[in-house]
Each structure stands twice: as structure tokens, then as C-alpha cells.
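Chains A and B, in that order, give the protein sequences. What the first sequence shows, in our numbering, is residues 3 to 699, in sequence order. What the second sequence shows, in our numbering, is residues 14 to 356, in sequence order.
No lab work stands behind these hints, which were simulated from the structure alone. Computed from a prediction, not measured in an experiment: that's the story for all the values here. Treat the hints with care, since some could be wrong.
Some chain A residues judged to face chain B by a derived CB distance under 8 Å, without partners named [claimed, not checked]:
(1) Asp114
(2) Glu123
(3) Lys233
The beta carbon of each residue, even a glycine, is placed where N, CA and C say it ideally should be.
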Amino acid sequence: MSVTLDRHSFPFTAIVGQDSMKLALILNAIVPTIGGVLIRGEKGTGKSTAVRALARLLPEHDVVEGCHFGCDPADREALCDDCRAKLMAAGTLPHHKRRMRVVELPINASEDRVVGTIDIEAALRTGTRRFEPGVLAEANRNILYVDEVNLLDDHLVDVLLDAAAMGVNVIEREGVSFSHPSRFILVGTMNPEEGELRPQLLDRFGLCVDVEGIRDPDERVLIAERDAAFKKGDHEFANEFAAADSNLSRALGEAIARVKDVQLSAGHARLISSICVEAEVLGHRADVVIDHAARALAAYRRHGSPNREDIYDAASLALSHRARQPLRRDQDETTSPEHGEEQEGTQQPESDAGDPQASENEATSDASAEQSASASDTGQQSAGADTGVTTGGASGHESAPDALQTFNLKRIDLPRQRRVRKQGGKRAASQTPDRRGRYVRAEPKEKVSDLAIDATVRAAAPLQRERGRRHGERLMLEKQDLRQKVRERKIGNLIVFVVDASASMDAEQRMAATKGAILSLLQDAYVRRDRVAVVIFKNRTAEVVMRPTSSVSLARRRLERLSVGGTTPLTHGLMAGYKVVKTELLRDPTIRPLLVLISDGRGNISMFKEEPLVEAQKVAALIDAENIDALVIDSARDYSHLPSVQHLARVAPMYQTYAINACADLAERMGAHYYGLYDLSRDEIATAVERELGRGR
Amino acid sequence: MAIDRYSYPFTAIVGQDEMKLALVLNAINPTIGGVLIRGEKGTGKSTAVRALARLLPDQQVVEGCHFGCHPDDPEDWCLDCRERAAAGALPVTTRRMRVVELPINASEDRVVGTIDLEAALKEGSRRFEPGVLAEANRNILYVDEVNLLDDHIVDVLLDAAAMGINTVEREGVSVSHPSRFILVGTMNPEEGELRPQLLDRFGLCVDVEGIRDLDQRVAIVEKRALWEDDPNQFSQLHAESEQAAKSQIAEAIATFPEVMLPREILRLIAQISIALEVDGHRSDLVCARAAQAKAAYDRSDEVGVTHVGDVAEMVFAHRVHSVPFGKGGPNLGEVISRMVGQA
Numbered sequence: 003m004s005v006t007l008d009r010h011s012f013p014f015t016a017i018v019g020q021d022s023m024k025l026a027l028i029l030n031a032i033v034p035t036i037g038g039v040l041i042r043g044e045k046g047t048g049k050s051t052a053v054r055a056l057a058r059l060l061p062e063h064d065v066v067e068g069c070h071f072g073c074d075p076a077d078r079e080a081l082c083d084d085c086r087a088k089l090m091a092a093g094t095l096p097h098h099k100r101r102m103r104v105v106e107l108p109i110n111a112s113e114d115r116v117v118g119t120i121d122i123e124a125a126l127r128t129g130t131r132r133f134e135p136g137v138l139a140e141a142n143r144n145i146l147y148v149d150e151v152n153l154l155d156d157h158l159v160d161v162l163l164d165a166a167a168m169g170v171n172v173i174e175r176e177g178v179s180f181s182h183p184s185r186f187i188l189v190g191t192m193n194p195e196e197g198e199l200r201p202q203l204l205d206r207f208g209l210c211v212d213v214e215g216i217r218d219p220d221e222r223v224l225i226a227e228r229d230a231a232f233k234k235g236d237h238e239f240a241n242e243f244a245a246a247d248s249n250l251s252r253a254l255g256e257a258i259a260r261v262k263d264v265q266l267s268a269g270h271a272r273l274i275s276s277i278c279v280e281a282e283v284l285g286h287r288a289d290v291v292i293d294h295a296a297r298a299l300a301a302y303r304r305h306g307s308p309n310r311e312d313i314y315d316a317a318s319l320a321l322s323h324r325a326r327q328p329l330r331r332d333q334d335e336t337t338s339p340e341h342g343e344e345q346e347g348t349q350q351p352e353s354d355a356g357d358p359q360a361s362e363n364e365a366t367s368d369a370s371a372e373q374s375a376s377a378s379d380t381g382q383q384s385a386g387a388d389t390g391v392t393t394g395g396a397s398g399h400e401s402a403p404d405a406l407q408t409f410n411l412k413r414i415d416l417p418r419q420r421r422v423r424k425q426g427g428k429r430a431a432s433q434t435p436d437r438r439g440r441y442v443r444a445e446p447k448e449k450v451s452d453l454a455i456d457a458t459v460r461a462a463a464p465l466q467r468e469r470g471r472r473h474g475e476r477l478m479l480e481k482q483d484l485r486q487k488v489r490e491r492k493i494g495n496l497i498v499f500v501v502d503a504s505a506s507m508d509a510e511q512r513m514a515a516t517k518g519a520i521l522s523l524l525q526d527a528y529v530r531r532d533r534v535a536v537v538i539f540k541n542r543t544a545e546v547v548m549r550p551t552s553s554v555s556l557a558r559r560r561l562e563r564l565s566v567g568g569t570t571p572l573t574h575g576l577m578a579g580y581k582v583v584k585t586e587l588l589r590d591p592t593i594r595p596l597l598v599l600i601s602d603g604r605g606n607i608s609m610f611k612e613e614p615l616v617e618a619q620k621v622a623a624l625i626d627a628e629n630i631d632a633l634v635i636d637s638a639r640d641y642s643h644l645p646s647v648q649h650l651a652r653v654a655p656m657y658q659t660y661a662i663n664a665c666a667d668l669a670e671r672m673g674a675h676y677y678g679l680y681d682l683s684r685d686e687i688a689t690a691v692e693r694e695l696g697r698g699r
Numbered sequence: 014m015a016i017d018r019y020s021y022p023f024t025a026i027v028g029q030d031e032m033k034l035a036l037v038l039n040a041i042n043p044t045i046g047g048v049l050i051r052g053e054k055g056t057g058k059s060t061a062v063r064a065l066a067r068l069l070p071d072q073q074v075v076e077g078c079h080f081g082c083h084p085d086d087p088e089d090w091c092l093d094c095r096e097r098a099a100a101g102a103l104p105v106t107t108r109r110m111r112v113v114e115l116p117i118n119a120s121e122d123r124v125v126g127t128i129d130l131e132a133a134l135k136e137g138s139r140r141f142e143p144g145v146l147a148e149a150n151r152n153i154l155y156v157d158e159v160n161l162l163d164d165h166i167v168d169v170l171l172d173a174a175a176m177g178i179n180t181v182e183r184e185g186v187s188v189s190h191p192s193r194f195i196l197v198g199t200m201n202p203e204e205g206e207l208r209p210q211l212l213d214r215f216g217l218c219v220d221v222e223g224i225r226d227l228d229q230r231v232a233i234v235e236k237r238a239l240w241e242d243d244p245n246q247f248s249q250l251h252a253e254s255e256q257a258a259k260s261q262i263a264e265a266i267a268t269f270p271e272v273m274l275p276r277e278i279l280r281l282i283a284q285i286s287i288a289l290e291v292d293g294h295r296s297d298l299v300c301a302r303a304a305q306a307k308a309a310y311d312r313s314d315e316v317g318v319t320h321v322g323d324v325a326e327m328v329f330a331h332r333v334h335s336v337p338f339g340k341g342g343p344n345l346g347e348v349i350s351r352m353v354g355q356a
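From just these sequences and the hints, can you work out the full model?
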């Protein structure tokens, strides 16, 4: 059993602002069945501080004495096998009060410690296979806290989801077969810049709040002052907030006592359902969560039954992460009457710990959910894109076409469906044969090269008596005991941009749009820990302006300096990109390269003394033959600027057809996805990409 | 991996004042949160970090404790020390603060600690064998080329740095132990950048470049030659300045908690953060602490605007959002000089 180090934590009530975060945590302490909370936000906003501070406020509850799982003596359905047996034998269960706890799950935890495993010492002593509880056992009826939950390894996420879904942890491993109750309040914190959460896991969190830094200087000063006082061990500060914390703790206890008697009127129950219908949430978890959260709020605010305000406040916490499925904008109209009502609700002054901002999220569920989901990077992205136009279009005509702006708000998703390795999902973890990577589990193997000591000892322990080991002797190992470590390493993709910088790219601010496209892909690359290389071709040659790097800002700087002009040595560009990919594959055969060609496809310089177009086609075929994934973005196909296309078609119909076909043809020969640069701004393309990729788990 | 060979005297390092100041401030108040040194090769980054260790005061530790717990700080004790303290007074010894190096190819087991192989095979018992994070407690954790560290090791570092605790739930062992360290990282930005999350964890950040001044360059070479010739004699030559620096730091360590932080100063800091559009509030806290440490180092009893000015760039350099394809958003130098100048 792990023991958490108990230490000074910053007082909960001394946290400045962030009311919806605090409220969401409090509500969960009142009604655990709300199902936890996910706190998303930029770095340094006190997310982890708040969760750790909560530990001191948590209420006491009855637990069966000596039970590993802290069973509730009053809840006979949920007793563990041990308690059940005791109850059968004795008729009663001895119990005592214990404070609810925050149990931390470190993101690098290994599976055996999370689900529990065989008790080695018991196995050695008596040769029996006893179960040794893990984190999920400890978390039963407590808060399970995962910091940086979006970085949790997939196999642990699976384990968590399983336990959370059933409230039971089932163990079938190492000869131990066991199950025990594991109902926990899942609390997670994450910084969305570091990657998103799997939708299934997201939905497991009852509530979700987005926190931001406070912009008010006075509040910021207060934060700094309180921090200084805390760090210094200031007595006045400590006393003041110890009192405030204990008041809040008392209020919590009272709310817990009251919540059983809170009744929800039929009308208000309908209101909850209609809110969920309008937000078009999937499934019914949201309804249940809002119901529970509204009751908790009512109890906390001393209302006999939840009023509209309670319900809307609860809904705002429960829906911000659920109303994310693509809603049409015109849905806003239908929700606007609700919006009005809700505004009214939040203006009531008595919302003691309530939070005015959070309510806004709810009615405008579509827009706000989208924004909050990628608040920081979208903002960054669009801001960057605007300036990208000015620095990018070095040639003078600087006005940004409308298409560009919409264009840059849209994320472009890279194809994740690979021909070579078919693991889906982001940041595919590959099992690595070498000794790098994270040890995730162990398995028996014919020839063990990377010994998993813990698993080996666990395998050998129950057999020691049989093998005649006496106490104090060395462990007797046999070949069959040996376990090999299975390691996983997250393998980012290698994205090689092959960018056309010929004079034709200058037209219609194509280069600016191209930079915008690369930027959008780069943002994606960062989140997925991909590496990026850039090849530029113009005049008579191609140049690798950036070797594979994980530095997005380096890529940006290199692109900034990019100037446009000259002829189009397409073959050179493709060859250079191909070589970068091959070199990197030699270095590490496990990487997954993707070649992104951004060009109008009008190659006009020969590399091998052939017709330029034919050459390019040959290289494209080579890329296909090598099973290198590719994406072609046609900078010439431009249906959003119909006048110019028509004009072109009128003056040189053949030329236009040729251009469109050249690029599409190359894409086909490469086995690549093909997109028009300007089309990427449109929703249809994005959804088409999603569909084509079969994304989502 | 403690480094305790002859190291080049800190005070003999030519130039690079920002870097030296950033290191000293962290030595005064470790809660500033470490320093990231960005720069080209051969600019004395590693030399300075190692040299710093010799200027740090000795610290009291519980004897025989794997984590070097502080005898007077029960809140931060490891479980071992708690148990031992319950049984009787803890034996105390003093040690010098150390620079613990985290090699970039370190495996996760070595970093967080792992099951004790010998105990496991001999007795079948699961004992915890402490790793680098245990050793780093109350010391300097030095990561050369921090930007090349494997992602999963970075995650572990972030976790420990944030909490001051290393929680291990793996390979059959389940342990939490204190792990508060001054994180010092160096990197060459040409080889890739750091994840913003890790970047933000570094309290301060300084950019170093090779010195362009001819005389200074000559001085560097001369001093280096002297040192290589006879490190002993060279050290003695600098013994006085080293001792002076050491006592100035020791004095500041004693006085900084009492240095006043007026509200106007905190306000000024908040305004800088807002003007620079940084994420979160860590910058405010770090800036206040760093300015306080600087004031203590300057032997003043109240933080003034100049102290904020002295540290602002180190605090904000790595926190200002670089806007992709942009002109770079708010200008760091401009904002700082405007804000600090106006008051």
C-alpha cells in the first residue's frame, strides 16, 4: 500500500478566483456519483494546487475496519469478498470514520501497481497466491487524481476506463484471480497544449472546467502576496485560511447531510432533459450528471430543491466537454431563448461559490465548447496566421483574402491511417525491440534479454516452497520464471514538407496560404510530438532548409525567411524529400514518415534530362513503391476564387486543366491524399478527412 | 553521480553575468524553480553550474537518509525519517550541496528508482532502490542538453518538479519520497526546442552567447591555461573572491525571507505579466521571488524597481508566446524597459 506524504498544502480557500474549478471540486465531494472533474487549462493556473488542497476539506465517511478497499458498512451491495465473508460470519462489520482521501496515480505507473498483483511475500512464505491491492483498491470511495491525465499511457487509460465503467476492478494475472470494488471520483488536470484526451476518457469525467490565468492586476497581486505569505510560513496567513478552510469543510459536511433530502421537481427534471437535447449530447450520462450536480449545488446553497440557476450552473459544468459533436451554427438560434433565461439566472447575487463565467459556456454550447477545446492553440493559430500573411507576402500585395482567415481557423488533420503500420490513434506507441522506452508489462519469452525482475520474482515466488527453498536462502529461479520487459515508446511521425517556392507561388498570395497550411500542420505536429523537416524547391534546385526537428518555432523561423521566385524544379524537390525520408528510415526504421507536397504541380525544370512532368511522375511512383505515406496539397486548385479561375480558363483553358490534372495525377501516383489548398478552409474537407481516416477510437 | 573534482572557480568565469546571476538567485531561493541556459556550445554553461556547487553553503541532513532529508523540516521528511524520528532523535550530519547529473540517455528506472535487484533475487522482497530523483532532493539536478531528453523522462521530471515529490508505482514497488531540486538545464536551441510545459517549469531562463569582446576572449583563454596548468594554484588565487561570493550568498539565504515585497512592486510585476500576455501566474510568483533574492543579494531590505528590472528578462524570456509566422507579439525588452522605467 502506498503512503502519501502528508505535507503543507496551500489552503483551498486561499486560492484566488477560479470559482468554477473550486465549485466543481466541492460538488464532487458532496455527491461522489457526479463522477469527477477534469480541469483543463494553461500552465501555472493553480490546477494541481487546488486538487491537492481539496484533500484537507474532504468529509469523513464510515469504512469497515481493516478493509483494504475501505468498504462502506452500510452499502452491502458493494462490499468486497472479505467484508462479505466477515458479515456472513459475524453479522456485523466493525467500522470507523475515515477522511476521504486524494489518491494519486502517477502517469508513469506500471500496470501491476495500478490493478494490483500477487503478494510476493505471502507467496514466498506460504506458497499461496494472494492478492496485493494496488492503486485502484486504494482509490475505492476516494478521489483518484491523475495530474497531466492527457499524458497517461493508453494501456493505463484502458484499465481506468474498465474500472470506472463497472466500479469493479477485475484482476486476472500472474495466477491471481480476484475482483474488488473500485468506485472512485476521477479528478484529472491537463494542459490541452500537450495533447487532447481520448473521447471515452473525457466522457468519464462528470464535470469539466476550463481555467485561465487571471488578467486583473489586483487579483494577481493577491495571488503573489498569498504565495509569499504561504512560502514564508506566515502565521497570520495560516490561521486566517485554516479557519476559512474549516468553515468550508463544515459547510461541506452540512451539505452532505442535506443532499439526501433535496428533491427535484418534475418540471426541473424536464428542464435538464431539454437542456441536454438542445446541446445534442451523446448518451444519457450528461442528464444524470446534471441531476446529481444540481442536487449537490442546491444542498450547498441551502435550497430545498434545485432552482433554475442551480440547474444551469450544473449544466454549464457538465456540458462543456460533452456538447462537442459537430453542431450546426444554426443551432444557436434554437438555444438562444435558453440563453436568455440562463443569463437571468446567473445575475442573481446569491450564487455564493457560483461562477458567472461558466454559465456562459452552456447555452452557446456549440461555439464555446469548440473554443474551449482548443482555446489556446486556436487563438495562437489565428493570430499567427494573420501576421503570417504580412511577413509571408514579401512581394508587396498584403491584403489578406477572406479565404485565408477561415482557412487558418480550421485544423488540418494529418492522415493517421497508415499503410505500413496500422495502429490508429495519435502518437502511436510502438513496441520497441531495443531497451529504450517505457516498461509497460512483462511476458515470458524464449530468450530473455531485458529481464523484468519484478515479474520474474512474482512468477517464481509461489513455487519456492515446492522447489525446496528454505527461509533466508536465495530465490530459486528456473528458466520458466524469466520474464521479459515489454517496452513501448511513443513514436512521433516524421513529416517532410516539400514546398514549392517558385514564382508561380507568388500569385494569389499562395505562399502566404501555404505557410498558413504548414503552420496548421505544425501545430498538430507539436501536439503529437512529430518531427518536421522542410524542403524548399525553386529556380534550379531543391534545398533541405530544415533537417528533421521537433522545434516548431525553428520551422517557423526558417519559413519566415522564405522568398519566392524562379522556376519550378518539382523533381528536385520530390527527390530531396524522398532522400530525407530514406535517411531517417535508415536511422530509425520504426518512424512513420509522411511526405507533404505543397505545389501547383507545374514542374518545368528537368533533373534527369527528361520531360519535367514525366520525371515527377516517376519519382511519385517511387515514393508509392516505397510505401511512404504522402499528402498532396494543390496550391493551384482554387474554386474559392472563381473569377480568376474563369479568367484563366478563358484565356488558356488547356493550361488550367493541365495544372489541375498535374497535381491530382501526382497524388494518385504517390498513393497520396489530395487536397486543394483553398478547399482546406471548408468544413466539407475537414469532415471528409475525418471520415476518410476513420479517426476516433 | 556527484561531481566533485576540481572545478573551475565560479568567480573566475569571465562575463556571462546574467547566467551567473540566475544561478546565484536559485542558490539563494531554490523555490524560484531552476534555470534554463540556452546557448551555443562552449560558452561555459556546464562550467558555471559545476562551479556554483562550491559556493553553496553546507546543509544539514539526516544521517543515512537516502534522500538527504532536512532534520528540522518534518513536513518534508521521507517515510523512513518519519519512522526513525518516532523512535528517537535523528542523527544529523552536514554535507555540501551537490550537482546531480541526469544523463540524457538515462532510463526511467534509474531516474525514478526501481526495485532493488539484489534484495529481490536474494530474499524475494521488494525494496526500493532510489534513483536520480532521490539523489537530487535538496540538490541541483543538472540536465545537459535537456531538449534531447526522451519524452517520458520529461513527463516524470515535470511531475516531480511540480510536486516536490516523486511518486513511484511501478515494478512492484510503491513509494513516495521528497524530491525537491533546483533544476538546471542547458540546451542548444538549434537542436530542437523544449516542450512549453517543461519550459514553463524552469523559473528562469538565460540566453548565453559567445563573448565578442576581444579582450575578454583573451582573458578567457589565459585563465583557462593557468587553470589547466595548475588547478591548485589557480584555485588559491581565487580563494578570496570565492570566499567572498560564498558568504554573500550565505548571507542572502539568511536574509531573503525578511526582504520586504511592497504591494506596488507586486503590482508592477503583475502588469508586466499582463502586458506580455504570458500564460498563468507562475511568472508573477517567480518574478517576485527572484527580485526578492536579488534584493537580498544586494543587501537591501526592500525589493525595489531596479531589482525587478534586473531579473525580469530572465523570468519572462521563455514565457512570452512566440507567435508562429508573427512578428513575435509583445516585445519583451520594450515592455520591460517601459514598465520598469516608468515607475
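Here's how the hints hold up against the structure:
1. Among the interface hints, the one on aspartate 114 (chain A) holds; its C-beta lies about 6 Å from the nearest C-beta in chain B, closer than the 8 Å criterion.
2. Hint status for glutamate 123 (chain A): holds, given a least beta-carbon distance of 7 Å to chain B, under 8 Å.
3. Interface restraint check: lysine 233 (chain A) against chain B, minimum CB-CB distance 6 Å, threshold 8 Å, status holds.
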